[in-house]
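Residue numbers (the working numbering), protein chains in the order written: chain A, 7 to 655; chain C, 9 to 493.
Calculated from the structure, these hints are not laboratory results.
Each hint should be verified, as a subset may be incorrect.
What follows is a set of in silico ranges between Cβ atoms, one per label pair, in the way DEER data are often shown [stated by the list, open to error]: (1) Ala-436/A with Thr-73/C: 30 to 38 angstroms; (2) Leu-331/C with Leu-542/A: 44 to 52 angstroms; (3) Asp-144/A with Thr-470/C: 45 to 53 angstroms.
Straight-line C-alpha distance at most 25 angstroms; calculated BS3-like pairs for lysine-lysine [claimed, not checked]: (4) Lys-302/C with Lys-398/A; (5) Lys-322/C with Lys-409/A; (6) Lys-400/A with Lys-291/C; (7) Lys-322/C with Lys-350/C; (8) Lys-302/C with Lys-226/C; (9) Lys-468/C with Lys-409/A.
Residues of chain A clear of chain C, computed beta-carbon distances all greater than 12 angstroms [said to hold, decoys possible]: (10) Asp-50; (11) Asn-68; (12) Arg-100; (13) Asp-122; (14) Val-133; (15) Gly-383; (16) Arg-388; (17) Pro-411; (18) Ser-465; (19) His-477; (20) Asp-478; (21) Arg-508; (22) Ile-528; (23) Trp-548; (24) Lys-556.
Glycine included, C-beta positions come from ideal geometry on N, C-alpha and C.
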Amino acid sequence: MSLYPQTHAFGQPTYPAPTYPQPGPPAYPYQQTPAPPPPVYYVDPNTFRRDYAARLAQLTINSRPIIQTLSMVAQEYSRWADIVVQCLEAHIRRVPPYMKLPSFYLLDAISKNVYDPYARHFAPFVVPLFLETYQQVDQTTRSKMEEMLLTWRTGAPTGKELFGFITQIAIERGVWGGDPGVADISKAQVLSELEFTLSQKERAVQANAWDHESRKHVEVLQQLRSLVEAGVSQDELRQILAQLRSLSQSTAPPAPAPAPAPPTYPQPSSSSYSYPSQPSYPARPSFVPPVVHHSQPQSYQYQSTDQPKSEPVDLSSLLSTSSSPAASTSTSTAPSNIAGLFSALLKAGIVSATGTPVGAGDTAKAEDNTPQPTSQGREASRAYRKAILGQKIKLTNADITRKRPSIVHFMYERLSVQCKQCGIRFSDDALGKKDMESHLDMHFRQNRKANQNIGRGHSRSWFVGLEDWVHDSSTDYKGKGRADGSRPLNAKASAAAEAANREAELRAQFVVVPQGDEAKTISCPICKETLKSEFLEDDEEWVWKNAVKKDDRIFHATCHSEALTSVQSLAVRLRNEATGRSRSGTPEASSSRASPPKEAAALRTSISPTSESKRAGLKRKVDDYSSSDVTAKNDNDGTPPMKKLALAA
Amino acid sequence: MQSDSKEWVLDAETEYRFELDPGASLAIKLVHGQAEVFGAELAEGKTYLFGSECKAAIFTWQGCTLEVTGHASTEYVSDETPMAAYANLHIAFEQMRVRALRVVHGSPASDDDSDANAEPPRVLVLGPDNSGKTTICKILTNYAVRAGQNWSPMLVNVDPSEGGWAVPGAISAAPVQSPLPTASPANPLGSAATSAPTALSSNALVPLSYWYGHPEIKRNPLLLDRLIRNLGENVRDRFDGDPEAHTSGLIVDTPSSFASGPTSGASTDSRHSLIKACVDAFKINVILVVGHEKLNVEMQRLYGSRLTVLKIPKSGGVVELDLPYRERVHNYQLHTYMYGQKIDPPPGISSAILGGEAVTDLILSPSSSIISFNDLTLYRIGAESMAPSSALPIGAARTVSEMQPVLVDPASSGSGLLNAVLALIAPFNPDEAERYDEEILDLNVIGFLVITNIDIPNRKMTILSPNQGSFAGKTAVVGSFEWQE
Ligand SMILES: [Zn+2]
Ligand SMILES: [Zn+2]
Chain A
7 MSLYPQTHAF GQPTYPAPTY PQPGPPAYPY QQTPAPPPPV YYVDPNTFRR DYAARLAQLT
67 INSRPIIQTL SMVAQEYSRW ADIVVQCLEA HIRRVPPYMK LPSFYLLDAI SKNVYDPYAR
127 HFAPFVVPLF LETYQQVDQT TRSKMEEMLL TWRTGAPTGK ELFGFITQIA IERGVWGGDP
187 GVADISKAQV LSELEFTLSQ KERAVQANAW DHESRKHVEV LQQLRSLVEA GVSQDELRQI
247 LAQLRSLSQS TAPPAPAPAP APPTYPQPSS SSYSYPSQPS YPARPSFVPP VVHHSQPQSY
307 QYQSTDQPKS EPVDLSSLLS TSSSPAASTS TSTAPSNIAG LFSALLKAGI VSATGTPVGA
367 GDTAKAEDNT PQPTSQGREA SRAYRKAILG QKIKLTNADI TRKRPSIVHF MYERLSVQCK
427 QCGIRFSDDA LGKKDMESHL DMHFRQNRKA NQNIGRGHSR SWFVGLEDWV HDSSTDYKGK
487 GRADGSRPLN AKASAAAEAA NREAELRAQF VVVPQGDEAK TISCPICKET LKSEFLEDDE
547 EWVWKNAVKK DDRIFHATCH SEALTSVQSL AVRLRNEATG RSRSGTPEAS SSRASPPKEA
607 AALRTSISPT SESKRAGLKR KVDDYSSSDV TAKNDNDGTP PMKKLALAA
Chain C
9 MQSDSKEWVL DAETEYRFEL DPGASLAIKL VHGQAEVFGA ELAEGKTYLF GSECKAAIFT
69 WQGCTLEVTG HASTEYVSDE TPMAAYANLH IAFEQMRVRA LRVVHGSPAS DDDSDANAEP
129 PRVLVLGPDN SGKTTICKIL TNYAVRAGQN WSPMLVNVDP SEGGWAVPGA ISAAPVQSPL
189 PTASPANPLG SAATSAPTAL SSNALVPLSY WYGHPEIKRN PLLLDRLIRN LGENVRDRFD
249 GDPEAHTSGL IVDTPSSFAS GPTSGASTDS RHSLIKACVD AFKINVILVV GHEKLNVEMQ
309 RLYGSRLTVL KIPKSGGVVE LDLPYRERVH NYQLHTYMYG QKIDPPPGIS SAILGGEAVT
369 DLILSPSSSI ISFNDLTLYR IGAESMAPSS ALPIGAARTV SEMQPVLVDP ASSGSGLLNA
429 VLALIAPFNP DEAERYDEEI LDLNVIGFLV ITNIDIPNRK MTILSPNQGS FAGKTAVVGS
489 FEWQE
């Protein structure tokens with residue numbers, strides 16, 4: 007008889023439902039092995055210790071079912087957390103190097119999924135354990151450990167360091183050496199953090215196809231990667247690293263259940279949670295511009311100053327200059343960083359002199375809601391119109407059957423650049439080059455996604471609803487984008503299939519009714535409806551279907567998950583509002599119209615913000631709020647924004 | 009080169025035609041030059057796979073060399089193709105598109121172009137069986153998206169025996185942004201979106217679909233008429249909301265039964281009224297009649313005064329397709345809808361592209377679940393034992409029963425539900441006051457299900473669905489299609 011929730015989806019156990027949004031990379035590349043036998047009911051700690059150690063001994067390969075089972079047992083027997091922790095530490099120290107990674111994955115899973123009390127039990131020895139292991143394993147395993155380490159930065163339910171700040175920084179120093187502020191920064195460290203941030207942004211794009219902001223970040227981060235790979239100075243590495251951290255912090259999901267707290271005003275950064283003094287950093291002002299905090303709700307305070315690294319984004323505001331001049335009032339916190347990085351990017355040809363990220367141009371264009379194509383595009387389409395209308399052909403039987411078409415000219419000669427992957431052609435001019443570049447990016451992303459998805463089942467999506475189909479004005483139509491680049495509605499259909507799969511998994515979850523409670527009716531704390539119990543003939547026990555147990559309360563699995571998502575998306579919207587950015591370009595476009603060369607204006611503002619630009623920032627926030635309300639209706643999940651607000655409240 | 013590879017050297021404006029037997033596959037590589045398959049250009053050096061009894065042609069405007077591996081039951085090169093006429097059509101349609109776009113942008117007309125009207129091409133393609141209508145629609149669509157102008161023409165399929173991006177029995181419309189690949193008759197117009205990442209957006213199309221449920225238009229022409237008008241109305245709504253998109257125009261593929269039949273009587277009436285439904289619903293301004301003189305004359309007489317009617321040549325490569333072949337294609341289509349596409353390459357070929365994608369990316373996992381009879385509400389449209397309306401005297405009042413949604417009880421023996429293909433339809437209007445009797449006829453399709461087992465004693469049935477999404481509490485409509493794996 008099993009005592010803990012099990013999930014059944016397509017015959018394969020799934021990872022236990024995360025009890026809060028998982029900040030780290032999702033599933034590890036587990037090997038599929040038959041699930042271990044169900045655990046027994048333990049009555050005394052010694053039996054439990056013996057059994058847990060025995061089960062751990064089976065963890066010799068990266069097996070998802072074993073890790074899952076061990077993690078669930080740890081959750082169920084958290085009263086014996088010390089035993090679990092001792093067994094796991096002993097196991098990691100004992101096994102040969104090639105077996106250590108799976109055990110670390112277990113440590114990671116228990117710490118993230120159960121968190122309390124495990125994280126604080128692991129914290130005292132995780133530093134030496136991690137670093138000693140890191141020394142013993144091969145390069146591949148090391149990079150996997152680095153990847154895991156990066157997820158620990160935001161692995162706690164609050165979005166903070168999983169094992170605490172001190173622990174985190176100690177491991178990072180051990181791995182990459184020195185303090186990022188003072189000592190040398192290795193290219194490897196920057197690259198691995200870059201990869202991490204990139205994967206975060208890519209997931210954001212996958213989760214929300216309309217997230218143009220992240221889409222753009224992905225493109226620029228890819229450029230940045232090649233820049234770093236090509237080699238940059240120590241100073242530039244440091245700047246890039248600092249920017250990456252704030253960017254990645256801005257992606258981390260917020261706490262699941264924001265506790266109402268009085269608005270905490272930013273304190274001078276004097277808490278014990280602080281990086282050692284960092285002379286090479288530009289002096290950080292001891293306050294974050296109050297304007298940001300005024301617009302932040304109480305529930306969003308965790309990103310406050312006891313964590314100096316989490317100050318509002320700089321890189322992103324730089325990246326978004328093309329569509330949002332003076333994007334963030336917080337740019338004033340690190341002006342020289344921006345100027346420095348910007349010039350580095352400029353030198354490397356990643357941004358053009360006008361401040362538009364190369365390769366991000368199309369996305370930027372897509373954000374521009376005005377139906378006018380660029381003047382370049384206009385010129386090209388005028389030239390095409392002239393050429394086509396110059397063809398003396400009429401829609402008559404005689405013309406159609408007798409004329410010699412100049413099709414070769416239009417299909418081949420005018421479009422002399424061809425994609426070697428799929429055969430699609432582009433014109434040999436600036437516009438065509440740009441389209442080709444985005445097209446190749448698309449192939450790159452697709453290949454990458456396909457590689458990440460190997461072994462993962464795919465399925466046909468449901469067709470989209472009528473309203474979505476009729477109002478799909480964001481696809482790349484004539485004049486609005488490229489022939490085959492981003493395609494939100496396709497992505498939306500895919501996302502819908504994913505969401506359907508997720509929902510099925512949630513509905514398959516159940517909680518076993520404790521003996522004697524069979525007659526009891528309990529209701530879901532969220533929707534207040536009664537949970538349906540059902541007798542499972544195979545397991546011969548009563549269960550509540552579509553249920554998840556959290557803090558000794560039983561929720562509908564679907565309600566619980568939805569509530570978490572709502573909190574998350576609310577926070578994302580508030581964050582957008584707070585930083586003065588939104589994925590809709592309209593407010594920026596309208597507010598920038600007054601200052602014609604908007605890129606230049608953006609750069610100037612970020613270097614020396616004047617009081618006017620601060621006011622402009624304030625005003626735009628109001629615009630943004632209304633615009634994000636409107637665009638929220640287009641969100642993937644189709645949930646009206648009002649409902650989310652209500653749930654989150 | 010492999011021992012069973014052959015090299016074909018094609019002169020300019022010729023095509024290599026092939027037909028495949030069941031189970032056979034063919035791999036074609038463009039070694040040199042330029043080539044296209046039904047308007048979609050091949051990338052040099054890439055190997056393209058064909059299977060599932062595919063019958064196709066690789067055409068070249070300027071000459072090319074192909075390397076062909078595998079066994080085709082028929083293969084030859086022809087220098088008689090109607091491609092020049094199709095290319096002329098394309099250029100004439102491009103003229104309509106650029107003019108329409110100019111008007112949307114508010115640019116002034118140039119001197120040499122002052123008298124032209126500025127409507128985008130909205131084309132209806134008519135023709136008898138085996139005239140290559142679908143191929144023409146595909147070539148014209150592919151040329152439009154290849155023009156380098158970011159056109160996104162709306163491709164509409166109102167031939168329920170073909171099924172478009174859905175399954176046979178459905179009619180649909182989808183905007184197309186990248187060339188439609190050719191690999192198998194299972195998805196001649198590209199594929200509907202899946203959760204897999206795809207390189208070509210034409211393998212992730214987003215159709216709007218309605219369920220007719222039968223291969224033959226004569227089974228319920230009134231229903232088909234209504235669905236065509238529903239489809240047209242939504243396409244127009246979409247265009248109204250996005251005038252730039254509208255400038256790409258639309259192309260409508262039709263059933264051959266629109267073109268052929270007796271010259272008088274009830275079935276001619278329903279044929280003409282269905283053509284009229286298309287002309288009205290999609291605001292057709294060009295009718296193309298493929299290789300059918302009599303129909304051309306008929307259309308000239310009916311529509312010549314208000315829109316352009318053109319007769320265009322049919323390709324000599326079009327093959328007669330018999331009924332068993334069509335039924336096998338229906339099976340391929342349903343299989344592909346659920347399981348994706350899998351074509352084993354011929355011996356000696358290790359890496360190849362299938363329909364523009366890596367082979368492994370096209371395999372899908374449907375979901376099978378046992379549900380209670382009460383979990384799904386099933387309807388059939390029209391009385392089951394109804395005689396075709398063509399058997400009725402003209403004007404006979406059968407309308408009500410033909411369009412009547414009839415509840416189907418899976419428990420009644422002889423419900424005919426085992427192996428039935430169901431169309432899962434969009435939810436009814438949540439506002440009770442907005443509901444009406446025949447609302448179900450106007451709801452679009454969300455997906456397709458197959459009943460793979462019925463357990464009457466326990467009131468349960470097994471449903472194959474394309475993904476794990478829940479459909480409990482939803483409504484589905486039964487037609488006359490069945491499918492067994
Ligand atoms: Zn390509
Ligand atoms: Zn609930």
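Hints versus structure:
Checked against the hint of 30 to 38 angstroms, the pair Ala-436/A and Thr-73/C passes, with Cβ atoms roughly 34 angstroms apart. Between Leu-331/C and Leu-542/A the C-beta distance comes to about 49 angstroms, which sits within the given range of 44 to 52 angstroms. Checking the proposed 45 to 53 angstroms range against Asp-144/A and Thr-470/C shows it holds: the Cβ atoms sit about 48 angstroms from each other. Annotation: proposed proximity of Lys-302/C to Lys-398/A is violated, straight-line Cα distance about 29 angstroms (limit 25 angstroms).
Between Lys-322/C and Lys-409/A the alpha-carbon distance is near 17 angstroms, which keeps this suggested pair within the 25 angstroms criterion. Straight-line distance between C-alpha atoms of Lys-400/A and Lys-291/C comes to about 20 angstroms, which keeps the hinted pair within the 25 angstroms bound. At roughly 31 angstroms between alpha-carbon atoms, Lys-322/C and Lys-350/C are farther apart than 25 angstroms, so this suggested pair is violated. The suggested pairing of Lys-302/C with Lys-226/C holds, with an alpha-carbon distance near 21 angstroms, which does not exceed 25 angstroms.
Taking the CA atoms of Lys-468/C and Lys-409/A, the gap is about 64 angstroms. The hint is violated against a cut of 25 angstroms. At roughly 41 angstroms, the least C-beta separation between Asp-50/A and chain C is larger than 12 angstroms, which holds for a residue marked as non-interface. Against chain C, the non-interface label of Asn-68/A holds: every CB pair exceeds 12 angstroms, the least being about 22 angstroms. Listed as outside the interface, Arg-100/A is consistent with that label: its C-beta sits roughly 39 angstroms from the nearest C-beta of chain C, beyond the 12 angstroms cut-off.
No Cβ of chain C approaches the Cβ of Asp-122/A within 12 angstroms, the least distance being about 32 angstroms, so the stated non-interface status holds. Distance to chain C confirms Val-133/A as a non-interface residue, since its nearest Cβ pair spans about 39 angstroms, more than 12 angstroms. A beta-carbon of chain C comes within 12 angstroms of the beta-carbon of Gly-383/A; the shortest separation is about 9 angstroms. Residue-level check failed: Arg-388/A sits 7 angstroms from the nearest beta carbon of chain C, not beyond 12 angstroms.
The claim that Pro-411/A is not at the interface with chain C is violated, since a C-beta of that chain comes within 12 angstroms of its own (minimum 4 angstroms). Remark: the non-interface label on Ser-465/A conflicts with the geometry, its nearest Cβ contact in chain C lying 4 angstroms away (cut-off 12 angstroms). Chain C draws His-477/A into its interface by the beta-carbon criterion, the shortest separation being 6 angstroms against a cut-off of 12 angstroms. A cut-off of 12 angstroms between C-beta atoms contradicts the statement that Asp-478/A is not in contact with chain C; the least separation is 7 angstroms.
For Arg-508/A, the requirement that its beta carbon stay farther than 12 angstroms from each beta carbon of chain C is not met, with the minimum near 9 angstroms. With a minimum CB-CB distance of about 22 angstroms to chain C, Ile-528/A clears the 12 angstroms threshold, and the non-interface call stands. Non-interface status of Trp-548/A relative to chain C is upheld: no Cβ of that chain comes within 12 angstroms, the nearest being about 19 angstroms off. Residue-level check passed: Lys-556/A sits 23 angstroms from the nearest beta carbon of chain C, beyond 12 angstroms.
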